[in-house]
Amino acid sequence: MSAAKPDLVALRDLKVAFDGVQVLHGIDLNVAKGEALGLVGESGCGKSVTWLAALGLLPGKAAVTGSVRVDGRELCGARRAALEEVRGGRIAMIFQDPSSSLNPVLRIGRQIVEALYIHRGLRGDAARVEALRLMDMVGIPDAARRFDLYPHEFSGGQCQRLMIAMALAGQPDLLIADEPTTALDATIQAQILDLLNTLRAETGMALVFISHDLGAVSQVCERVCVMYAGRIVEEGSVAQLFSEPRHPYTRGLFDAIPRIDGPRDRLIPIPGTVPNPKHLPAGCSFSPRCPRAVDACGSDYPHLEPQGDGRRLACTRPVPVVTRGDAERRIPEGLMS
Amino acid sequence: MIRFVFVRLMRAVITILAVVTFAFVVLRMSGDPAQVMLGPDVPQDAVDAFRKTWGLDQPIWIQYLAYIKSIFTGDFGVSMRDKASALRLVLERVPATLQLTLPALILKLMIGIPAGVYAALHRQSFADRGVITLAIIGFTVPSFVMGLVLVLIFSVLLGVLPSGGQDTWMHGILPTITMSIGGIGILARFSRSAMIEVLGQPYIRTASAKGLKWRDVIWSHALPNAAVPIVTIVGFMVGSLIAGAVVVESIFSWPGIGRLLIVSVSNRDLAVVQCILLIIAAAMVMSNLVVDLLYGWLDPRLRSHAGH
Numbered sequence: 011m012s013a014a015k016p017d018l019v020a021l022r023d024l025k026v027a028f029d030g031v032q033v034l035h036g037i038d039l040n041v042a043k044g045e046a047l048g049l050v051g052e053s054g055c056g057k058s059v060t061w062l063a064a065l066g067l068l069p070g071k072a073a074v075t076g077s078v079r080v081d082g083r084e085l086c087g088a089r090r091a092a093l094e095e096v097r098g099g100r101i102a103m104i105f106q107d108p109s110s111s112l113n114p115v116l117r118i119g120r121q122i123v124e125a126l127y128i129h130r131g132l133r134g135d136a137a138r139v140e141a142l143r144l145m146d147m148v149g150i151p152d153a154a155r156r157f158d159l160y161p162h163e164f165s166g167g168q169c170q171r172l173m174i175a176m177a178l179a180g181q182p183d184l185l186i187a188d189e190p191t192t193a194l195d196a197t198i199q200a201q202i203l204d205l206l207n208t209l210r211a212e213t214g215m216a217l218v219f220i221s222h223d224l225g226a227v228s229q230v231c232e233r234v235c236v237m238y239a240g241r242i243v244e245e246g247s248v249a250q251l252f253s254e255p256r257h258p259y260t261r262g263l264f265d266a267i268p269r270i271d272g273p274r275d276r277l278i279p280i281p282g283t284v285p286n287p288k289h290l291p292a293g294c295s296f297s298p299r300c301p302r303a304v305d306a307c308g309s310d311y312p313h314l315e316p317q318g319d320g321r322r323l324a325c326t327r328p329v330p331v332v333t334r335g336d337a338e339r340r341i342p343e344g345l346m347s
Numbered sequence: 030m031i032r033f034v035f036v037r038l039m040r041a042v043i044t045i046l047a048v049v050t051f052a053f054v055v056l057r058m059s060g061d062p063a064q065v066m067l068g069p070d071v072p073q074d075a076v077d078a079f080r081k082t083w084g085l086d087q088p089i090w091i092q093y094l095a096y097i098k099s100i101f102t103g104d105f106g107v108s109m110r111d112k113a114s115a116l117r118l119v120l121e122r123v124p125a126t127l128q129l130t131l132p133a134l135i136l137k138l139m140i141g142i143p144a145g146v147y148a149a150l151h152r153q154s155f156a157d158r159g160v161i162t163l164a165i166i167g168f169t170v171p172s173f174v175m176g177l178v179l180v181l182i183f184s185v186l187l188g189v190l191p192s193g194g195q196d197t198w199m200h201g202i203l204p205t206i207t208m209s210i211g212g213i214g215i216l217a218r219f220s221r222s223a224m225i226e227v228l229g230q231p232y233i234r235t236a237s238a239k240g241l242k243w244r245d246v247i248w249s250h251a252l253p254n255a256a257v258p259i260v261t262i263v264g265f266m267v268g269s270l271i272a273g274a275v276v277v278e279s280i281f282s283w284p285g286i287g288r289l290l291i292v293s294v295s296n297r298d299l300a301v302v303q304c305i306l307l308i309i310a311a312a313m314v315m316s317n318l319v320v321d322l323l324y325g326w327l328d329p330r331l332r333s334h335a336g337h
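Sequences listed follow chains S and L, in order.
Read in order, the letters of the first sequence correspond to residues 11 to 347 in my numbering.
Read in order, the letters of the second sequence correspond to residues 30 to 337 in my numbering.
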């Protein structure tokens, strides 16, 4: 946890249920000013829901409880007007599929200007000039000529750049990037990650990077939260988690990605799938898939506890800490079977 | 764009020609005008003379070619009954029909679309269920039943509105309402589903995430997208303005095109029936053309597909 920087956003015991089915089981999470936090986990583990819930963007049938504080102001259950002020202004969000996230029937310039008007009161020529500056900043070539084009006249990567420009229009303190590169080609992905890094360095805004791509997370984030079935199971610095994952799930995520450097090892997939939120197993949700599970894992849910090295971990039987040098590529006994 | 319009115009002409041909053949196969016009007990030579006068003694394809030729010269034939120009007879009835169908269209738009949008914005609420229920009743109850029920209530029981005729503006109220109810139901349902579909789209979430007020999200982001499917239905309704309502005009003895059509069909007044069908087909095809052009205006993606 970054103790030095003050917290910008604090989530406490954030829970979400859809039609009575609990999908988020109490998320505790802080985002400090200017930091870059990664949120990883398989699809459906609640990464996006966490932030959509925080900003009140879930559909009406979602029941959200807990606390979401932005600079100490409570958002959970706040009036619509309070939420609208925070959205786009303090916290902006970009999404997975940039092409369908832009309104197809409105000109791109207008969509950016709209955000400039809401949050900075700019209109007319001033708004246009600023919008062009933003388009330029996110790397849209020939912005002046393309100001009046529609979203379908841009490529997927450019649409994501435009989404980022729109997000920057409100000069947010925090940008939530919800799988911003998942729908894009690998080369474009790298460009967008670069852009996010550059913009963060220039503006000093904080970033929450939601992804299932650990490589992408390591490129932009300083701290990582690993989520599983609606809970945070491990949290620590990128270096900690990458060199020494303690939660068997985190470990499994790393073992399931191919490595270009180092020896050619067999990939070790995590057996099974993410449980259906309607029928979560008792105890630790990961226990049925866990190579290290013991009987106790099926009955008691381990809470997310701070560890000696600064990380937080929710596991009764974590991967043991191994001496350096050996840590590079261990395969614990349990995973061999 | 010019090519697009040209292709559509060509298609329109072919459609109209198909309707006209179909009407021509079916009308001649479905009964002999001479028998209907002159009655059953007329001597054979009178029947033959009638047939000769109207060219019915010719082979059907010669009649057809002559008919098509006259259409292209602007001659829509003469009524066998009134001996007057069929086109004039039909055009005379247009104002009466529009007196019903235009106000009915306005009611459909002003009630149907807002009701559907409201229901979509308040999904699963009491109002939503109410709108759906009324909409289903509106478009499933046939207009002849709806018309008779309204007559029963407002003319027979309450005695506040006339049940037929065209004497005062009061006479237009019941037929207009009868005619609009089905359309209101259809538009409400369409607007509701179009709006629900649009509200679930990622760009609506983007607009909210941007900090737009909910009202602005609806007005400037959702409605313009929901307009495309709604325009399709409205275009269909505009196209049928002239066709009016055969059934409703008959129930309320309203002297519009619908009534003229019924009378002319039962009299086998070929030229008049063909003229009405031609005008209805032309109106339908024209409104379809306008809808296609509107699509391009409403949705820039379609505009570039149509090709500049």
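Keep in mind that the hints were calculated from the coordinates and are not lab data.
Note that the Cβ used here is the ideal one computed from N, Cα and C, for glycine as well.
Be a bit skeptical, because a hint or two may be false.
To be verified - The following label-pair restraints were derived from C-beta to C-beta distances:
{"id": "1", "chain 1": "L", "residue 1": "Leu127", "chain 2": "S", "residue 2": "Asp195", "range": "53 to 63 Å"}
{"id": "2", "chain 1": "L", "residue 1": "Arg32", "chain 2": "S", "residue 2": "Thr283", "range": "44 to 54 Å"}
{"id": "3", "chain 1": "L", "residue 1": "Glu226", "chain 2": "S", "residue 2": "Ser53", "range": "45 to 55 Å"}
{"id": "4", "chain 1": "S", "residue 1": "Arg155", "chain 2": "L", "residue 2": "Phe51", "range": "45 to 55 Å"}
{"id": "5", "chain 1": "L", "residue 1": "Arg152", "chain 2": "S", "residue 2": "Arg155", "range": "38 to 48 Å"}
{"id": "6", "chain 1": "S", "residue 1": "Gly166", "chain 2": "L", "residue 2": "Val42", "range": "17 to 27 Å"}
{"id": "7", "chain 1": "L", "residue 1": "Val178", "chain 2": "S", "residue 2": "Gly166", "range": "24 to 34 Å"}
So, going through the hints one by one against the coordinates:
no.: 1; hint: Leu127/L <-> Asp195/S: 53 to 63 Å; verdict: 57 Å, holds
no.: 2; hint: Arg32/L <-> Thr283/S: 44 to 54 Å; verdict: 52 Å, holds
no.: 3; hint: Glu226/L <-> Ser53/S: 45 to 55 Å; verdict: 24 Å, violated
no.: 4; hint: Arg155/S <-> Phe51/L: 45 to 55 Å; verdict: 52 Å, holds
no.: 5; hint: Arg152/L <-> Arg155/S: 38 to 48 Å; verdict: 42 Å, holds
no.: 6; hint: Gly166/S <-> Val42/L: 17 to 27 Å; verdict: 42 Å, violated
no.: 7; hint: Val178/L <-> Gly166/S: 24 to 34 Å; verdict: 56 Å, violated
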